[in-house]
Every structure is written in C-alpha cells, then in structure tokens.
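Enquirer: Sequence:
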Amino acid sequence: MIKAENLTKRFGKLTALDSINLEIEEGFTLILGPNGGGKSTFLNLCAGIYKPTEGRIEVFGEEPWSNEKVKKRIGVSFDPPALPKHRTGLEWLSYIAELKEVEKSEIISVAKLFSVKPFLNRKIGEYSAGMLKRLSLSQAFLGNPDFILLDEPLANLDFKGIKEITEVLKRIIED
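Going letter by letter, the sequence shown gives residues 123 to 297 in the numbering used here.
Treat the hints with care, as some may be off.
As a list, the in silico EDC-like pairs of lysine to aspartate or glutamate whose alpha-carbon atoms are at most 20 Å apart [what the hints assert, rightly or not]:
| id | residue 1 | residue 2 |
| --- | --- | --- |
| 1 | 285 | 297 |
| 2 | 239 | 280 |
| 3 | 191 | 225 |
| 4 | 161 | 273 |
| 5 | 285 | 268 |
| 6 | 234 | 248 |
| 7 | 135 | 184 |
| 8 | 161 | 147 |
| 9 | 125 | 176 |
| 10 | 239 | 213 |
| 11 | 239 | 220 |
| 12 | 239 | 268 |
| 13 | 207 | 223 |
| 14 | 125 | 180 |
| 15 | 173 | 140 |
| 16 | 191 | 201 |
| 17 | 173 | 184 |
| 18 | 226 | 268 |
| 19 | 194 | 223 |
| 20 | 292 | 268 |
| 21 | 234 | 140 |
| 22 | 234 | 176 |
FRET-style restraints, in silico, Cβ to Cβ [claimed, not checked]:
| id | residue 1 | residue 2 | range |
| --- | --- | --- | --- |
| 23 | 194 | 146 | 16 to 22 Å |
| 24 | 133 | 154 | 21 to 27 Å |
| 25 | 156 | 178 | 34 to 40 Å |
| 26 | 220 | 146 | 17 to 23 Å |
| 27 | 175 | 288 | 32 to 38 Å |
| 28 | 128 | 289 | 37 to 43 Å |
| 29 | 289 | 143 | 32 to 38 Å |
Everything labelled a hint here was simulated from the structure, so no lab data went into it. Treat the numbers as computed from the prediction; the structure is a model and nothing was measured. Think of the CB as a built atom: it goes at the ideal place given N, C-alpha and C, for glycine as much as any other residue.
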C-alpha cells in the first residue's frame with residue numbers, strides 16, 4: 123500500500139526525513155516517534171501534499187503528489203487542522219465531498235459519527251479546538267476512503283471526547 127525508497131524531505135537546511143525506506147501493507151498501522159521526528163512530514167508526503175526532495179514514495183503503486191486519483195482515495199486529518207475560518211463546517215465538508223466526488227448525503231452521516239453535526243452551520247472560526255478536531259476527522263472519513271491518515275487524532279479533545287473518538291475509531295477498524 124505504501125512504499126518509500128530513500129525518501130528524503132528537506133525544508134531549506136532542515137532535513138525532516140532522511141533516506142527512509144519502508145513498506146506498509148494494508149491494515150492498521152501506528153507511526154510513533156518524538157516531537158519533530160518527521161511523522162507529520164511523512165503523512166504529508168503520503169497524502170501528496172509534499173513532493174519528496176529525494177527518493178520516492180508510492181501509495182497504491184503511484185506517486186501521490188502527482189496523481190489526483192490516488193489523492194481521492196485518501197482521507198486526511200492533520201494536526202493542527204488547517205481549515206478555513208470564514209466557512210461553515212457544512213460548506214467545508216461540501217467542498218471536500220465535491221473534490222472527492224462523494225454524495226453530499228454522506229456529509230451528515232460522517233458528521234453524526236464524529237458528533238459535529240449540531241455545529242455544521244457555524245463558522246469554523248467559532249469552533250473550539252476539540253470541535254475543529256472532530257470536523258477534521260469527519261473530513262478524513264468522508265467518502266469511505268481506502269487509506270486514512272490521522273495526525274494526532276486525539277489532540278485537543280477533552281477526556282469525554284478522547285473516549286468517544288477512540289470508540290468510534292475502534293468500531294471503524296473492526297469493520
């Protein structure tokens with residue numbers, strides 16, 4: 123599913139990833155490491171947001187940064203979520219649904235799943251940090267993607283939210 127060969131990503135003089143080689147098969151995989159260890163950079167490379175400085179990364183046998191079909195098969199939730207504050211949650215999820223060619227009816231079901239439905243008509247700029255995370259998770263799961271990248275999926279959630287989201291993710295993994 124993911125194959126990286128000599129994968130390197132630099133930002134100016136900073137080397138975020140240096141000659142990474144790995145293969146990740148289909149299934150549930152956690153990537154753990156210290157702060158600043160390159161985990162988020164790796165996820166951005168997998169999602170096709172960053173282009174490698176050197177080396178190669180493939181998702182579904184294709185380079186994601188140059189392939190829109192691959193990008194449509196990927197769901198992403200980043201931390202911190204970079205969401206447009208001037209839009210409503212519904213407008214944002216509708217935009218993502220359009221990009222992914224997903225039926226708009228799925229928006230409500232995924233919003234219910236992550237308990238963000240009551241807030242969809244509010245501007246994103248009015249969301250709490252926990253609600254931003256829930257909206258970002260909703261975005262990631264919209265359209266039942268083949269590959270889901272979750273960066274710090276429990277960040278900014280209170281204890282109740284952590285428990286709730288953990289249960290939702292467990293159910294999804296088990297299905």
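Enquirer: Now tell me, hint by hint, if it's right for this structure.
Expert: Structure-based check of each hint:
Under the criterion of a C-alpha separation no larger than 20 Å, the hint pairing residue 285 with residue 297 is consistent with the structure, at around 19 Å. Proposed proximity of residue 239 and residue 280 is supported: the alpha carbons are some 18 Å apart, at most 20 Å. Using a Cα cut-off of 20 Å, the hinted pair residue 191 and residue 225 holds, with the two alpha carbons roughly 17 Å apart. Taking the CA atoms of residue 161 and residue 273, the gap is about 8 Å. The hint holds against a cut of 20 Å.
For the given pair, residue 285 sits about 25 Å from residue 268 by alpha-carbon distance, which is inconsistent with the 20 Å threshold. Annotation: proposed proximity of residue 234 to residue 248 holds, straight-line Cα distance about 19 Å (limit 20 Å). For the proposed pair residue 135 and residue 184, the alpha carbon gap of about 28 Å is over 20 Å, so the pair is violated. Proposed proximity of residue 161 and residue 147 is supported: the alpha carbons are some 17 Å apart, at most 20 Å.
As the CA atoms of residue 125 and residue 176 are separated by approximately 14 Å, the hinted pair is consistent with the 20 Å bound. As the CA atoms of residue 239 and residue 213 are separated by approximately 12 Å, the hinted pair is consistent with the 20 Å bound. Simply put, residue 239 and residue 220 have alpha-carbon atoms about 19 Å apart, close enough for the 20 Å limit, and the pair holds. Taking the CA atoms of residue 239 and residue 268, the gap is near 23 Å; set against the 20 Å cutoff, the hint is violated.
Taking the CA atoms of residue 207 and residue 223, the gap is about 23 Å. The hint is violated against a cut of 20 Å. Of the pairs offered as hints, the one joining residue 125 and residue 180 holds, with about 5 Å between alpha carbons and a cut-off of 20 Å not exceeded. A hinted pair counts as satisfied when its Cα atoms are at most 20 Å apart, and residue 173 with residue 140 qualifies at roughly 14 Å. About 24 Å separates the Cα atoms of residue 191 and residue 201, which puts this hinted pair outside 20 Å; it is violated.
A distance of roughly 13 Å separates the Cα atoms of residue 173 and residue 184; the hinted pair therefore holds under the 20 Å criterion. Our distance criterion of 20 Å between C-alpha atoms is met by residue 226 and residue 268, whose separation comes to about 18 Å. Only pairs whose Cα atoms come within 20 Å are accepted, and residue 194 paired with residue 223 is accepted, the gap being roughly 8 Å. For a cut-off of 20 Å, the pair hint linking residue 292 to residue 268 stands: about 17 Å separates their Cα positions.
The suggested pairing of residue 234 with residue 140 is violated, with an alpha-carbon distance near 40 Å, which exceeds 20 Å. About 41 Å separates the Cα atoms of residue 234 and residue 176, which puts this hinted pair outside 20 Å; it is violated. For residue 194 paired with residue 146, a C-beta distance near 20 Å keeps the hint of 16 to 22 Å intact. Evaluation of the 21 to 27 Å hint for residue 133 and residue 154 yields a pass: the beta carbon distance comes to about 22 Å.
At roughly 25 Å, the beta-carbon separation of residue 156 and residue 178 lies outside the given 34 to 40 Å, and the hint is violated. At about 29 Å, the beta-carbon gap between residue 220 and residue 146 misses the expected band of 17 to 23 Å. Checked against the hint of 32 to 38 Å, the C-beta distance between residue 175 and residue 288 comes to roughly 35 Å, which is consistent with it. Restraint check, residue 128 to residue 289: a C-beta distance of roughly 39 Å satisfies the suggested window 37 to 43 Å.
A beta carbon spacing of about 35 Å between residue 289 and residue 143 agrees with the range 32 to 38 Å that was offered as a hint.
The structure does not agree with the numbered hints 5, 7, 12, 13, 16, 21, 22, 25, 26 stated previously, though it agrees with the rest.
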